[in-house]
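Add chain R to chain G, keeping to what the hints say.
Below, each chain spelled out in residue letters.
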Amino acid sequence: QVQLVQSGGEVKKPGASVKVSCRASGYTFTSYGISWLRQAPGQGLEWMGWVSGYSDHIKYAERLQGRVTMTTDTSTTTAYMELRSLTSDDTAVYYCARVLSTYEFDFWGQGTLVTVSS
Amino acid sequence: EIEVTQSPGSLSLSPGERATLSCRASQSISSRYLAWYQHKSGQAPRLLIYGASSRAAGIADRFSGNGSGTDFTLTISRLEPEDFAVYYCQQYGTFFGQGTRLEIK
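First to last, the protein sequences are chains G and R. Take 1 as the starting number for the first sequence in my numbering and just add one per residue. Take 119 as the starting number for the second sequence in my numbering and just add one per residue.
No lab work stands behind these hints: they were computed from the structure. Warning: the hint list may mix true and false statements.
Unchecked claim - Distance windows between CB atoms, simulated:
#	chain 1	residue 1	chain 2	residue 2	range
1	G	Thr76	R	Ser148	33 to 43 Å
2	R	Ser128	G	Ser17	30 to 40 Å
3	R	Ile120	G	Val11	27 to 37 Å
4	R	Arg136	G	Asp73	45 to 55 Å
5	G	Ser75	R	Thr123	38 to 48 Å
6	R	Gly176	G	Arg84	31 to 41 Å
7	G	Ser118	R	Arg136	40 to 50 Å
8	R	Ser159	G	Ser17	27 to 37 Å
9	G	Ala61	R	Arg196	29 to 39 Å
Claimed, not checked - Stretches of chain G that chain R covers, calculated by requiring three or more beta carbons in the stretch to come under 8 Å of a beta carbon on chain R:
#	segment
10	63-71
11	104-117
As the list claims (entries may be wrong) - Selected chain G positions facing chain R (Cβ under 10 Å, derived; list incomplete):
#	residue
12	Leu4
13	Tyr32
14	Ser35
15	Val99
Nothing here was measured: the structure is a model prediction, and the numbers come from that model. Just so you know, even glycine gets a beta-carbon here, dropped at the ideal spot from N, CA and C.
Extracted from the complex, chain G is given alone in its bound form (with noise of 0.2 Å):
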């Protein structure tokens, strides 16, 4: 079965940076882009870009451009996300979806609460 598992929760200090992992299973993982999505608290999901399997493909939020880097290890089936410069408005749960053809998410992470405090 699809499972998308990411890593544990982060406390970071202003201006420090972050990197999420998103470990894939269960299907083919290069036939797949991966998007990541964040839910800052009572806010909506945000999304913040797409990496396609073998990383030769990347788009990224406009606001994020600059900060954020999307990539994938295939031979451990892994994406990851960095996020640079951190501030407390980038405090979120952050989640990685599998995306399908048509842009819609099907399978997703279980959340990776990032909490950035000084």
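Frame of chain G; chain R shown alone:
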């Protein structure tokens, strides 16, 4: 950039009642790229509807979607207690509405 507006922002109904949630796009979109998700606190979102009207695997048939162009609707025909959650529509994989919170009356 497409703007997505969901209405109402919250909806208070009783189990057994019918819920109708609206999603409007700022410009016409292909219905192929319109999806709906259910999100419960502490859980990952769950895909309900894709292609505007197709139910995802394992989704009960009380959930239905329709619409075209700029206006789309998610209908829950008879609310069950487990249906009370936040619902999001999504367009082209990147644009989300702000959500409709469905609460028990």
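Please list, smallest to largest, the hint numbers that this structure does not respect.
Failing hints, ascending: 10, 13.
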